[in-house]
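For the protein sequence lines, the chains are A and B, in the order given.
Just so you know, the first sequence maps onto residues 1 to 268 in my numbering.
Just so you know, the second sequence maps onto residues 1 to 409 in my numbering.
It should be emphasised that the hints constitute simulated quantities derived from the structure, not laboratory data.
Just so you know, not all the hints are guaranteed correct.
Facing chain A, from chain B, some residues (calculated, C-beta under 8 Å) [what the hints assert, rightly or not]:
| id | residue |
| --- | --- |
| 1 | Gly281 |
| 2 | Thr310 |
| 3 | Glu312 |
| 4 | Ile319 |
Don't be surprised by glycine CBs; every beta carbon is placed ideally from N, CA and C.
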Amino acid sequence: MGVVIQIKDLVKIYKQGSLEVEALHSVNFSVEGNEFVAIMGASGSGKSTMMNILGCLDRPTKGAYFLENMDVSQLKDDKLAEIRNRKIGFVFQSFNLLPKLSALENVELPMVYAGVPAGKRRQKALDALEKVGLTDRIKHKPNELSGGQRQRVAIARALGNAPSILLADEPTGNLDSRSGEEIMGIFQTLNRDGSTIVMVTHEPDVAAHTKRIVTFKDGSILSDKPVLNPMNAIIGSQADSGEAGSDKTSSDEAEAEEANGAEGGAIA
Amino acid sequence: MNLVESLKSSLKNVFSNKMRALLTMLGIIIGIASVIMIMSIGTGTQNYISSQLDSMGVGRINISVATNNRNIARGDLMTAKDYKVIAENEDIKYTAAVYSGSATLKLEDNVTTNRASLTGVYGQYKDITAPTLLYGRYIVDNDNDMATKVAVINDTTAQKVFGKSDASVIGEKIALRTNRGTQKFTVAGVTENANAAMETQYGDQFPETIIIPMVTLQRLNGTDEISQISVTVNDTNQMDAVAAALTDRLDRLHGTTGKYYAQNTSQMIETANNMISVMTGFISAIAAISLLVGGIGVMNIMLVTVTERTREIGIRKSIGAKRRDIRFQFLIESVILTGLGGILGLLIGWAGGKGVATLMSATISITPIISFSAIMAAILSSCGIGILFGVFPASKAAKLDPIEALRYE
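Pulled out of the complex, with its shape left as it was, chain B reads as follows:
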């Protein structure tokens, strides 16, 4: 009996009892569907994070005082001196310093205020973050030298403060209230809002991001502290080495050890990927159990089928079916059950991934991705389960004695 004949006959048998076939497949369907769904979302999220981090700047290293270090002395804080030292490093392309603060921002009606996070920038911040400038200019060195009160806002903020976002807002004033009183800043530039998606989700709870000269902010707060120094390296393959060299340099400068922490984007990608891998692994383990249980269910049903069809087996044997013909027939049936379950699982998992992505689209735009290898793995593993759990019932069928099988009622 050849493969085509066996397939036809097995398909006929599987479809002659659809409800049973479907229930038998359920374990496999759930298993495969959950793995595929999680994998598609996981891969989509990984891609999303990578692209987000890429937009932050490829080969970027952020240096700050280690937050896990409780004994931070005044002298440990980074200042302009540290910036200079770091900028001297030959492996670095761009260097920027950031000092962060917060304020409240008066909106268009002149009464309502919104929280604002102030990012005081210094050096080549624009080159590192590569914002999309819509109108006006970015913070330049002169702004820091003169400690000017200029601000770069994004189009969402412009909309809230001026009710419009066009070139005419350049030169307008915004009022920022800090603990040092209300300060008026002149709008120097408007950028595209990089966090637009997140802001629509959180509404007014999301603080306005306002970029001002670092020195201006430091003076407002009466400090010379730098929160973070960011650099990009020339050779992205050397990131870890450069990061270590920079933190070592700062430790030497301050006479400390391990006080400074360098986070680079490749590390962040790695951290995110690790998290996703752990999650995917965990769900996959659960799915593997579901597949195992599904496989046992298939074996159970196949054993029932063999018993039910004892007489058929006897008839087939009496007219010339060999052991391998019978074994093959039942093995094919079992593989059809699990394989079909795998394909259904694949479709459901794909649809589920799309569904989850749609639900999350308000927050982050993830495109669920099912790789070809994932499809192959799903189909092969479900077929494999069919073989694994089908061998025993099929062999049992093949070994039946034709005389006894024919007598079976």
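If we strip away everything but chain A, and leave its shape as in the complex, we get:
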């Protein structure tokens, strides 16, 4: 696999009235195919800005962004929407599923915008849901699913159009540690099967599951190191659990934070 993402001298300046804030200063980095990268950094470090640009939700002020050798840095809105649709799979911290649609319909949605015919769409959505181990809950609405299950639906949705890259923004941030572990397991499996994944996280032990950690500070890359010995998620719990953390995702979050503190430090 070749280079999936190539960023050259990328600058992002936000204008707030007369004030100009430079969120990214001439960033250079690239992601090869089948990599599993964690982007870390404190809030305000520029990692979210980076993520928005990588996800084609935002355009850089200066510099180039090649996605599969195509410069997407200055494309028009609708062209960017098409790139997001075909080449990028998003997984958000807050799942961002449509509450009125069933799990299956949520997964189908990007394919609806891509114009995939209904029958083929359904099959692909079912395949994607199988990959995340959620075949038994396809008719459920998001509020009938646990946090971990919701995030699995979101991952299935991201997989729908077979994107070039999966972008995950704090995917375990709203989950208890057990569900978080499951999600990381899914990402690892997907990565093993060939997916290229870039993930923003501020939790070191989550980052420890990836193969490479890029740390941002004050709008520049502070460090870019491979993870010598990635932590393996406990995959055994993937298919059967999940219901466990169902209706108390927010309170579980606090527990997750504590757990992270205890288990942290596995980064090479």
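Place chain B on chain A using the hints.
Structure of chain B alone, referenced to chain A:
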């Protein structure tokens, strides 16, 4: 995203908040319903009037001394001489003269009386009015020549006077009291009552209509005046020209100008239609305001919806919805709201028209008519309002920045 997908998704959203959808539609429903109701009744009334006037005789012209003319001299009144002059006109098919009077009529018990309007007829009155003769005969020329005391009554009157309406009443006498004393008239014929519906409504207050020879009535009243001369023309397209020629002829005969007034049935239809058009136009203007207000209500709700669903818009955009996908989705929703309102309005208007027609059926039998073009206009205009007032909210939704939309709580 194709049309079917958008429709499905929009319908889902509209129906997920039924109460709000219904309240939003209300302005459109009221607007469309009132226009449809008034139009259906209006068209029904127009048809009713046309058919009534048709039964009076197609191509009929009634000539009388202009009622708006205050200086009517004795010599201006029409007499048999005028009748002759008019009958000479070559464009005329039938000519008849009428002299009207009133009397009271003794009923079956020989004590009670009813008001009666006497129509003294002369010439080809029967050919012009084409009554349905049930028994006996109509007034003939000989009746006028001899000033006979015969009468043609209708079946309702026969029922009241004789307690029956059959061939046996022919030759019976009716007693008419005028200011010249009581006169006995022999029943020569019985016709069907053309005003039966109106009579049932007004009961005994409605005068009995009794047809007698004109000359007989004139003599009773000691006059040779004619109230009205009626003609039918050969060519109905020439009605206005013939009417003008006839009034001119009478003016020349009497040495007057503009003393005579000709009313033709096409004019009467036109007058009635004008009245209905004015009424329909007036109600439609009010309905248009209701539609406008309804449209603004839809826009308002759509703007609220866009704000409420900012996050959804962000999600949809982040997974690949283009501006036009979002715009289309909200536009479709707005059109569904107004279109559905239009259809509901159509049904309510149709039912309302039926209801009004039923209420009025005792007086006049109107069949409310909703034309295909009215249905199309109602649906298209309500959908049009959806587009008109949906464009702004939909564009607002389409222009949302995905990052900000995703952050919206």
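Double-check B/Gly281 for me: the hint is only fine if its C-beta lies closer than 8 Å to a C-beta in chain A.
Cβ of B/Gly281 sits 45 Å from chain A, so the hint is violated.
Hint check, B/Thr310 versus chain A [nearest Cβ-Cβ separation less than 8 Å]:
Violated - the Cβ of B/Thr310 stays beyond 8 Å from chain A, reaching only about 12 Å at its closest.
B/Glu312 as an interface hint toward chain A, with CB separation required under 8 Å
At 6 Å from the nearest chain A Cβ, B/Glu312 passes the 8 Å test, so the hint holds.
Would the hint on B/Ile319 stand, with a C-beta cut-off of 8 Å toward chain A?
Holds: closest Cβ of chain A sits about 4 Å from B/Ile319, inside 8 Å.
In summary, the structure is inconsistent with hints 1, 2 from the numbered list given earlier, while agreeing with the others.
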